[in-house]
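Build the full structure now, drawing on both the sequences and the hints.
Number of protein chains: 2
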Amino acid sequence: MSTQPVLINGQWQPAQVGSEFSVINPLTGEPLPDQYPQSTWEDVDAALEAASAAAKVLRSLPGSQIADFLEAYAKQIEAQAETICRQAHLETGLPFETRLMGGEMPRTINQLRQAAQSARSESWRMATIEGSANIRSCYEALGPVLVMGPNNFPLAFGAISGGDFAAAIAAGNPVIGKAHELHPGTHRLFAEAALTALEETDLPTATVQLLYSLPKEDGLRLVADPRLGATGYTGSRQAGEKLKAAADAAGKPIYLEMSSINPVVILPGALEEQLEEIADAFTTSCLMAAGQFCTNPGLVFLLKGTQSDAFVNAITTRFQDAPVGTLFSAAGCEHLQKQLDLLQTAGAELLTGGKPKSERQFENSLLKVSGQTFLANAEALQAEAFGNASLIVEAESPIELVNLLSTLEGNLTGCFYSHSQGEDDTLYDQLAPVLRSKVGRLLNDQMPTGVAVSAAMQHGGPYPSTGHPGFTAVGFPSTMLRFAQLACYDQVRQHRLPPVLQDKNPTGETWRRINGSWSQRDVS
Amino acid sequence: MSTQPVLINGQWQPAQVGSEFSVINPLTGEPLPDQYPQSTWEDVDAALEAASAAAKVLRSLPGSQIADFLEAYAKQIEAQAETICRQAHLETGLPFETRLMGGEMPRTINQLRQAAQSARSESWRMATIEGSANIRSCYEALGPVLVMGPNNFPLAFGAISGGDFAAAIAAGNPVIGKAHELHPGTHRLFAEAALTALEETDLPTATVQLLYSLPKEDGLRLVADPRLGATGYTGSRQAGEKLKAAADAAGKPIYLEMSSINPVVILPGALEEQLEEIADAFTTSCLMAAGQFCTNPGLVFLLKGTQSDAFVNAITTRFQDAPVGTLFSAAGCEHLQKQLDLLQTAGAELLTGGKPKSERQFENSLLKVSGQTFLANAEALQAEAFGNASLIVEAESPIELVNLLSTLEGNLTGCFYSHSQGEDDTLYDQLAPVLRSKVGRLLNDQMPTGVAVSAAMQHGGPYPSTGHPGFTAVGFPSTMLRFAQLACYDQVRQHRLPPVLQDKNPTGETWRRINGSWSQRDVS
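For the record, the sequence lines run as chains H and A. For the first sequence, counting from 1, position 374 maps to 734 in the numbering used here; every step adds exactly one. For the second sequence, counting from 1, position 17 maps to 377 in the numbering used here; every step adds exactly one.
Treat each hint with caution, since some may be false.
It does not matter which identical chain is used: a pair holds within one copy or between any two.
[Unchecked claim] Think about it this way: if two alpha-carbon atoms lie no more than 20 Å apart in a straight line, the pair counts; the simulated SDA-like pairs of lysine to any residue are:
hint, residue 1, residue 2
1, Lys416, Asp405
2, Lys728, Ser689
3, Lys416, Glu769
4, Lys798, Leu421
5, Lys717, Asn369
6, Lys698, Glu559
7, Lys416, Asp669
8, Lys798, Ala584
9, Lys416, Glu559
10, Lys416, Ser766
11, Lys416, Asn763
12, Lys728, Ala682
13, Lys602, Ala584
14, Lys798, Ala413
15, Lys715, Gly685
16, Lys576, Gln398
17, Lys864, Trp878
18, Lys664, Gln732
19, Lys664, Arg473
20, Lys664, Glu601
21, Lys728, Gly463
22, Lys798, Pro586
23, Lys864, Ser877
24, Lys798, Glu409
25, Lys864, Glu490
26, Lys728, Gly714
27, Lys698, Arg853
28, Lys717, Thr388
29, Lys728, Val672
If you are wondering where the hints come from, they were derived from the structure by calculation, not from laboratory data. Quick caveat, the model's predicted, so the values are computed rather than measured.
If you want it as structure tokens, here you go:
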């Protein structure tokens, strides 16, 4: 049983090991056989040097060559999908067929292909040409990007397979991936596929590098390193805030998807029309994968009325009857216990659940609190309880509901369920502007869990859900702008301009803003 | 002689005064008659409350109504241009006719009109519509924006007249302006014009508010206030870093234009062709308005050769012969002395100048350093000397030149002068990629001082020139994106969508990205 090597500069090499770790299979509680290294700064430094060199090469390549790599990589992954999903299943306990092979894997592959398409078209660069003044600008690669993926999506948000990765690469940046410690083996398989694809498409092999783990202090040093372009991080708010402080102090962009409790507002008319359907949708959304989604509906607002008690009873029964999912780790179980205790200390009443069922299982849990109590203790009652739990807030009046929404912190999503024939519209019109400014994505009549990979997606939102409300972690091409700088060329000679800014449209299909109009034509 | 009132919530009212200040006329050294208040937190709090209420109203207005205000304001300013420029001249010493009436004032008015046009067209929102999935997104107003303007542009970058102001308002945000303490009277006149225009166009009067000065701790508290949307700051790096740390810690966007020494690389072929012309252009660019420009060329790179000594001699003579401009304040003069001393301590040799001529005048100053010394002490030799001074770096070889450019911090601009017939092209190709990634705007054969208000402008750049390399402080519509959040509507009913996302094009002319293609049509 030897320690797995890290991937630096195209070579699988023994890590400069600080310590080692292995993974526990959440379904069996047994440790998996492989050992993974926690690297020291020497590995990080080597990866940064190699990435800097790769960045220079990538910057000069046409988008089509980067697209070729992304497509070759998608194909490699497709060919090895079963092996990868098998490994991810062992490491995360997520259902092999329904979740991994049937859902997350196709999403991951599709996402890489969408990234390829964006890289190829070059439209993401938002080339802007002011002909008479001969001033031209576009977005360009930023430099090596560190991606730190989360525990809950081993594939679609993985450090060298997921959305941040695809966006950073498509924008022409090499990626240093820091695997999540709960699924290093999945990352290793991706890295092997990536290396093959890099070689096939003649890209610098340091375009994709992989480390498994870093001491905290090296992580903080890395996000601030002058050689780094930016960081993409998905994970806990606690770790995110530390990384953000380190990166901010060095003036390095960092994009964080940190925490979100995703308020769902269910208006009276909606309950009158479809109480049972909403109870079903809510239960599914909240308990799927043991609720370990960043878009999990963790907060439900109801207006006290004839149907609100019935709805609370309906979801309580469903939570009691539903199977209990397995959490990724024992730590996740402890976190959930701690957060639910905090919510109760802050005044919430437990309706069902509230205790662990086993080391990595926690009872499906529902809590309830009055609007008045929430208003009195709004910060504490917005603590994220990551997992299969949710808090119901019952407002006494429409104006209390307005006040409740006003206290919310930034979230990724916010939902309204309302009467289909407009009976709730007056209330909606009062509430929606308040919730709108607090969330990245506003939904109607739908739970927030699904995040479509769409050009119009905003998987982001005001702090503390992310670090900046103007960027999205999902959706091409917008998501690529996180890993780009705005580069202006003032009176630069035509042959020295990047192809996307030359008079001739570089692909014949690239959208450019020429003298104020978007078009696919040449500059005349 | 009474203290001037502040403008809060549409009312000119006495400030909650912490202390008072007046302005010294830089040309005469005499204090100007008016007294201005440094507000306490009570004023800030009142302004934030009023701005929050105004933000809610502005958010719901069509861009055309905001455009009406910007145009009415531009007209008010135009009518009072002479009075405003007279006041700015008294406070800054900038030439009344050539600089203020003839240059900065028309730029300011034009900028407000460009902002109006962007607000009216709504194209800045980058509406993105994915029809089949019914997911739609656009940029929306962020909330009250604090603008803190610099000392060097009383009009075009003024807190309630300049680029940040125009961008924030055009994106639908109220502005709390913090005047620069060196030209409060100019701000007062702008505020009067703004209030008239707000009333004319029926906008909330709290859309534009004005405070003159704040204690440092209140400034730090303000940029982090939950009620604030974002901050636009132009000024010194020292103050900017403190504001950035405070805003970052609270997760509040802050856009800073802090410091830049704007490297100019003059290649041998260019000197052979037009040594005298470049010497003229450099001298004008560096000494204009006593060099108090954020795009002042503070660093010149030469390759040692037959013409480099001649060029250094040519500019030295010109610096000695040129008239000496007046700095905005005695503090500016002291700063310049201190920074030039630091450069000399770090190994630079003084060619001419180096001492004050009077309390607010400093000799035109040139310094020189070898490439080797610069490499050994690169950080210290990049200290910004804001004013009529520049440092020449002489490289021994092309490879040393590459290394020199590699050590540069982020800058707003970078220039290359090169042979018109391509004799420098090999060298250019080696150097340009290095400089490109360090600067926001790359120029050919032109000094960096002029910043066109163009859609393709990037007046920004990597840290520490600004806080984020993806945003520009000049150029509509891009500059507005700083003060916006990305807002997604997922399955939201048609009549509840903002007009820009409804099927019908709201203006008939708004550019929107519909199913991947930019167009001005309706969604069919």
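Identical-chain pair category, Lys864 with Ser877, by Cα at 20 Å: both (16 Å within a copy, 19 Å between copies)
Intra- versus inter-subunit Cα pairing at 20 Å for Lys728 with Gly463: Neither: 33 Å inside a copy, 63 Å across copies.
Evaluate Lys728 and Val672 at a C-alpha cut-off of 20 Å and name the case that applies: within, between, both or neither. within (9 Å within a copy, 77 Å between copies)
Using 20 Å as the alpha carbon limit, work out where Lys798 and Glu409 are close: within a copy, between copies, both or neither. Between copies only: 18 Å across chains, 40 Å inside a chain, cut-off 20 Å.
How would you label the pair Lys717, Asn369 (within, between, both, or neither) given a Cα cut-off of 20 Å? Answer is neither; intra-copy 45 Å and inter-copy 57 Å both fail.
Between Lys416 and Glu559, at a C-alpha cutoff of 20 Å, which is it: within one copy, between copies, both, or neither? Cα proximity of Lys416 and Glu559: one copy only (18 Å, versus 54 Å across).
If the cutoff is 20 Å on CA atoms, where do Lys576 and Gln398 land: within, between, both or neither? Let me know, please. Answer is within: at 10 Å inside a copy they meet the 20 Å cutoff, but 44 Å across does not.
Intra- versus inter-subunit Cα pairing at 20 Å for Lys715 with Gly685: within (14 Å within a copy, 75 Å between copies)
When no copy is specified for Lys664 and Glu601, does a C-alpha distance of 20 Å or less occur within a copy, between copies, both, or neither? Neither: 37 Å inside a copy, 48 Å across copies.
At most 20 Å between alpha carbons: which applies to Lys798 and Ala584, within, between, both or neither? Result: close only across copies, 16 Å inter versus 29 Å intra.
For the identical chains here, do Lys416 and Asp669 meet the 20 Å Cα criterion within one copy, between copies, both, or neither? neither (62 Å within a copy, 33 Å between copies)
Please sort Lys717 with Thr388 into within, between, both or neither, judging by C-alpha distance up to 20 Å. within (15 Å within a copy, 81 Å between copies)
Checked against the numbered hints listed earlier, the structure breaks hints 2, 5, 6, 7, 19, 20, 21, 27; every other hint is satisfied.
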